[in-house]
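J.: Chains as they are written, first to last, in my numbering: chain A, 1 to 465; chain B, 1 to 465.
Honestly, the hints are just simulated from the structure, not real lab data.
Small disclaimer: the values here were computed from a predicted structure and weren't measured.
Where hints are given, some of them may not hold.
In this list, chains with the same sequence are indistinguishable; a pair is considered to hold if it fits within one copy or across any two.
Said to hold, decoys possible - Computed cross-link-like contacts, DSSO-like style, restricted to lysine-lysine with a CA-CA straight-line distance of at most 30 Å:
hint, residue 1, residue 2
1, Lys441, Lys352
2, Lys126, Lys173
3, Lys276, Lys448
4, Lys126, Lys281
5, Lys103, Lys352
6, Lys448, Lys352
7, Lys276, Lys126
8, Lys421, Lys448
9, Lys103, Lys281
10, Lys47, Lys371
11, Lys333, Lys126
12, Lys352, Lys75
13, Lys281, Lys448
14, Lys47, Lys173
15, Lys441, Lys421
16, Lys333, Lys448
Protein chains: 2
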Amino acid sequence: MSILQERCPHEAIVKASPALAHGQTESSVWYPASLVKQRRLPGGTVKQNGFYAQSGGVTAVINATACGVLEAARKRKDKIGKVFAGRNGIIGALTEDLIDTSKESARTIAALRHTPGGAFGSARYKLKGFDENRAEYERLIEVFRAHNIGYFFYNGGGDSMDTAHKVSQIGKKLGFPVTCVGIPKTVDNDLPVTDNCPGFGSVAKYVAVSTREAALDVASMARTSTKVFILEVMGRHAGWIAAAGGLAGQDRSEAPHIILFPEIAFDEARFLLRVKECVDKYEYCVIVVSEGARHADGRFLAEAGTRDAFGHAQLGGVASTVATLVRDRLGLKYHYAIADYLQRSARHIASKVDVEQSYAVGKKAVEFALKGQNAVMPTIVRTSNTPYRWTIGQVPLSHVANKEKMMPRKFITRDGFSITKSCRRYLEPLIRGEDYPPYHKGLPRYAKLRNVAAPPRLGGNFVLR
Amino acid sequence: MSILQERCPHEAIVKASPALAHGQTESSVWYPASLVKQRRLPGGTVKQNGFYAQSGGVTAVINATACGVLEAARKRKDKIGKVFAGRNGIIGALTEDLIDTSKESARTIAALRHTPGGAFGSARYKLKGFDENRAEYERLIEVFRAHNIGYFFYNGGGDSMDTAHKVSQIGKKLGFPVTCVGIPKTVDNDLPVTDNCPGFGSVAKYVAVSTREAALDVASMARTSTKVFILEVMGRHAGWIAAAGGLAGQDRSEAPHIILFPEIAFDEARFLLRVKECVDKYEYCVIVVSEGARHADGRFLAEAGTRDAFGHAQLGGVASTVATLVRDRLGLKYHYAIADYLQRSARHIASKVDVEQSYAVGKKAVEFALKGQNAVMPTIVRTSNTPYRWTIGQVPLSHVANKEKMMPRKFITRDGFSITKSCRRYLEPLIRGEDYPPYHKGLPRYAKLRNVAAPPRLGGNFVLR
Numbered sequence: 001m002s003i004l005q006e007r008c009p010h011e012a013i014v015k016a017s018p019a020l021a022h023g024q025t026e027s028s029v030w031y032p033a034s035l036v037k038q039r040r041l042p043g044g045t046v047k048q049n050g051f052y053a054q055s056g057g058v059t060a061v062i063n064a065t066a067c068g069v070l071e072a073a074r075k076r077k078d079k080i081g082k083v084f085a086g087r088n089g090i091i092g093a094l095t096e097d098l099i100d101t102s103k104e105s106a107r108t109i110a111a112l113r114h115t116p117g118g119a120f121g122s123a124r125y126k127l128k129g130f131d132e133n134r135a136e137y138e139r140l141i142e143v144f145r146a147h148n149i150g151y152f153f154y155n156g157g158g159d160s161m162d163t164a165h166k167v168s169q170i171g172k173k174l175g176f177p178v179t180c181v182g183i184p185k186t187v188d189n190d191l192p193v194t195d196n197c198p199g200f201g202s203v204a205k206y207v208a209v210s211t212r213e214a215a216l217d218v219a220s221m222a223r224t225s226t227k228v229f230i231l232e233v234m235g236r237h238a239g240w241i242a243a244a245g246g247l248a249g250q251d252r253s254e255a256p257h258i259i260l261f262p263e264i265a266f267d268e269a270r271f272l273l274r275v276k277e278c279v280d281k282y283e284y285c286v287i288v289v290s291e292g293a294r295h296a297d298g299r300f301l302a303e304a305g306t307r308d309a310f311g312h313a314q315l316g317g318v319a320s321t322v323a324t325l326v327r328d329r330l331g332l333k334y335h336y337a338i339a340d341y342l343q344r345s346a347r348h349i350a351s352k353v354d355v356e357q358s359y360a361v362g363k364k365a366v367e368f369a370l371k372g373q374n375a376v377m378p379t380i381v382r383t384s385n386t387p388y389r390w391t392i393g394q395v396p397l398s399h400v401a402n403k404e405k406m407m408p409r410k411f412i413t414r415d416g417f418s419i420t421k422s423c424r425r426y427l428e429p430l431i432r433g434e435d436y437p438p439y440h441k442g443l444p445r446y447a448k449l450r451n452v453a454a455p456p457r458l459g460g461n462f463v464l465r
Numbered sequence: 001m002s003i004l005q006e007r008c009p010h011e012a013i014v015k016a017s018p019a020l021a022h023g024q025t026e027s028s029v030w031y032p033a034s035l036v037k038q039r040r041l042p043g044g045t046v047k048q049n050g051f052y053a054q055s056g057g058v059t060a061v062i063n064a065t066a067c068g069v070l071e072a073a074r075k076r077k078d079k080i081g082k083v084f085a086g087r088n089g090i091i092g093a094l095t096e097d098l099i100d101t102s103k104e105s106a107r108t109i110a111a112l113r114h115t116p117g118g119a120f121g122s123a124r125y126k127l128k129g130f131d132e133n134r135a136e137y138e139r140l141i142e143v144f145r146a147h148n149i150g151y152f153f154y155n156g157g158g159d160s161m162d163t164a165h166k167v168s169q170i171g172k173k174l175g176f177p178v179t180c181v182g183i184p185k186t187v188d189n190d191l192p193v194t195d196n197c198p199g200f201g202s203v204a205k206y207v208a209v210s211t212r213e214a215a216l217d218v219a220s221m222a223r224t225s226t227k228v229f230i231l232e233v234m235g236r237h238a239g240w241i242a243a244a245g246g247l248a249g250q251d252r253s254e255a256p257h258i259i260l261f262p263e264i265a266f267d268e269a270r271f272l273l274r275v276k277e278c279v280d281k282y283e284y285c286v287i288v289v290s291e292g293a294r295h296a297d298g299r300f301l302a303e304a305g306t307r308d309a310f311g312h313a314q315l316g317g318v319a320s321t322v323a324t325l326v327r328d329r330l331g332l333k334y335h336y337a338i339a340d341y342l343q344r345s346a347r348h349i350a351s352k353v354d355v356e357q358s359y360a361v362g363k364k365a366v367e368f369a370l371k372g373q374n375a376v377m378p379t380i381v382r383t384s385n386t387p388y389r390w391t392i393g394q395v396p397l398s399h400v401a402n403k404e405k406m407m408p409r410k411f412i413t414r415d416g417f418s419i420t421k422s423c424r425r426y427l428e429p430l431i432r433g434e435d436y437p438p439y440h441k442g443l444p445r446y447a448k449l450r451n452v453a454a455p456p457r458l459g460g461n462f463v464l465r
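Working from the sequences, and respecting the hints, build out all of it.
T.: Written as structure tokens, this is what we have:
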């Protein structure tokens, strides 16, 4: 896949991985396993504990990754002690608010696999550079040391990979080396190197299914009612999620008739012309718009510049802006939906492939760590398109931290309104398969954790920025 | 159920139905079957054809009703000829644009059961009173006569029941009596007499599931991100759909913490106080708001009075209004989703009970008609709550036409923000069970009909209003 062509100095690791099976890519020992084992506590204990934290926006399957981490760790009790989880992500580590996951039953942990949201709480909290906020890193290592945490699993996007990388460096400096493994998670699908990101496939499936369903609704009403339907989806910088809407139809006659990507500058005249063409030809027009769609000058379409009765800038997303255009310039009846959090929490329609990959990266992260592989991230490697096959590879965190993978231009049709065949080939396997949660009385039965706090050993209040 | 207590002069029929099993409620012969059989065409044919039309907003399961009608008719080829469907509902009859459903395979017809939207097209087109627009009724009867249509199945809400009722009267007057059976359909759940309306259960399930899922997302991010999440759902007059969101949680601590019903005048101060209480106590607040939520003076909350750069009234629903309030008065970070058509087309998460009932009313409508029962509508009758049991009853169209069933006040808690136990008892069975469509390459495989036009016999252009 073209999106795998990102160059990195450690080509041997990254490039070799597609051809390797599970377990064969772990030769890059960044932090020798022997060293880990030699770190003995005063009581003579050899085993160290683990720490798992969720970071950034949660997804329908981030808990499947948690499930993979915890189940893998439980199977290796010979090598790893407890796994603590950060209550509200990294904040839990900074404030010494650790959840003792050993208090949860095997059944509850297994149920995480089908539970959306972040079971331990996540956080939008980015650690600054070491020089800017040394106290936070020192505190982190202090807490890790106090709880004998030798393994740090950080489950998030680009920023989190950067943090995990920094922690791996700083632990050594501070005399308490920690094996750090970043675990990819982002609905935005914008992490480099990995073929795709856990979390994306399920949002993609939700958006594709919803677009197909809503299109059937609109098509059947178009004669006398709504002619234009707009679905607003996530993706502030990259159009991957909007692109997934394109899977709903097979050709230009099928919805969605127009996709508005952040990558393509919005051209009002061409857009309106295409809407009109669709309505003339098919009687209706379905539009999937990325929240990040923008004008040529970089302004978001969502910045409509409207004010409410109090003079405050009017809330309202890009869907409302596009709908206003359609109404005012074409006089067509519209409806719009804003999927917002529904799209990234819709575990009920998660992609089976995504669930499996999310679980696999969690499991693999533990295996990497227990082999002493430090400052790495498991990646998803596509080994074959037809039939779709994948395996787990590995990349140094330094190569993924703070990098964004945009949609290649060749994934978008020349007119800028649709996805190409190559894009379809890339996306389609990622939404495959259903993985339904169990239901009780008509509602999904999601895991409810006890989230028992581990007794603090340091005490004191660490004040967050 | 309290909502079944609507009085009607033909009590014997309506009241008796809860206790009767399938097929036992059909003793009210409004239009003698003998008369139907005696109407012979010049060629000596006895059988008459049927006409089926979808009306108003479509649902995830209106095609399951179509499936019930068509499969039942195909089984009674001894008594009924072809079933034509109106392309775009009743407009297809007026313009003599009839779809010959006999051209579809049994497999395609069966697939309608799991296909959302309106397979033949629906229409927002209400026939006026006979005196106001006699030409339309005459045309309808003229088309029916030309195509030997003796059975009219009209699948819609209150307005459509009124139309079906009028057609039953007018056919007689014009010397071409037609057996008219209305078939209930509305996501709004506002038809009287019937315990619930086909279409509602699936929207209810979608809203309940989505609320539960989004709540898990918000709960896990609340510490550092969104504190208030708002989900806007349908229901302009009655709060049934918003109420269904209440099924997502079990007590006051669980989301949704606030439901805004059209039935309860919006009290800004009390609302903001409750939001603040929730955020203080649970760290987050989930709100389900009905699009019909309104102020004490009757104005919709959605009428925000905002203008865009061109001075046009700003589009934007009630969710945006509520979010603006939360931001400006409480300074809390919010997100909102607008489910719009997604909620009523989400066949992927349809309620199994709803699918079964939707099919059953279609099937029963044919049975009623073939017994010569005219100007009636099949109803869903709840015969037991625990375990939930239902059967199909019957009501004269005159008793359901143009009537709305509102939420009883006792279904809403005293504070006006939640549903009561009795509401939960009523709603919960309606969302039970899953009825997943088949999938292909990650997407639901929905029926694609050929929709072959029946050759017109009248010709000429009938001009719609």
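J.: Give a verdict on every hint.
T.: Status of the hints after comparison with the structure:
Taking identical chains as interchangeable, the C-alpha atoms of Lys441 and Lys352 lie at most 30 Å apart whether they share a chain (23 Å) or sit on different chains (11 Å). With identical chains, the CA atoms of Lys126 and Lys173 are at most 30 Å apart within one copy only, with a shortest distance of 21 Å there and 77 Å across copies. In this assembly of identical chains, Lys276 and Lys448 lie within 30 Å of each other by CA distance solely across copies; the values are 25 Å between and 49 Å within a copy. Taking the shortest alpha-carbon separations for Lys126 and Lys281, only the inter-copy value of 26 Å comes in at or below 30 Å, while the best intra-copy value is 49 Å.
Taking identical chains as interchangeable, the C-alpha atoms of Lys103 and Lys352 lie at most 30 Å apart only when both belong to the same chain, with a minimum of 28 Å there against 37 Å between chains. Proximity of Lys448 to Lys352 under the C-alpha cut-off of 30 Å is found in both arrangements, the shortest distances being 22 Å within a copy and 26 Å between copies. In this assembly of identical chains, Lys276 and Lys126 lie within 30 Å of each other by CA distance solely across copies; the values are 27 Å between and 45 Å within a copy. Within a single copy, Lys421 and Lys448 get their C-alpha atoms only as close as 42 Å, which misses the 30 Å cut-off; across copies the closest is 23 Å, which meets it.
Proximity of Lys103 and Lys281 under a CA criterion of 30 Å is satisfied inter-copy only: 25 Å between copies versus 61 Å inside one chain copy. Proximity of Lys47 and Lys371 under a CA criterion of 30 Å is satisfied intra-copy only: 13 Å inside one chain copy versus 79 Å between copies. In the homo-oligomer, the alpha carbons of Lys333 and Lys126 lie at most 30 Å apart only across protomers (18 Å), although the nearest pairing inside one protomer, at 44 Å, exceeds that limit. For a Cα distance limit of 30 Å, the shortest separation of Lys352 from Lys75 inside one copy, 24 Å, qualifies, whereas the shortest one across copies, 39 Å, does not.
Proximity of Lys281 and Lys448 under a CA criterion of 30 Å is satisfied inter-copy only: 19 Å between copies versus 51 Å inside one chain copy. For the homomeric pair Lys47 and Lys173, the shortest alpha-carbon distance inside one copy (22 Å) is at most 30 Å, but the shortest distance between copies (91 Å) is not. Taking the shortest alpha-carbon separations for Lys441 and Lys421, only the inter-copy value of 15 Å comes in at or below 30 Å, while the best intra-copy value is 42 Å. Taking identical chains as interchangeable, the C-alpha atoms of Lys333 and Lys448 lie at most 30 Å apart only when they sit on different chains, with a minimum of 26 Å there against 44 Å within one chain.
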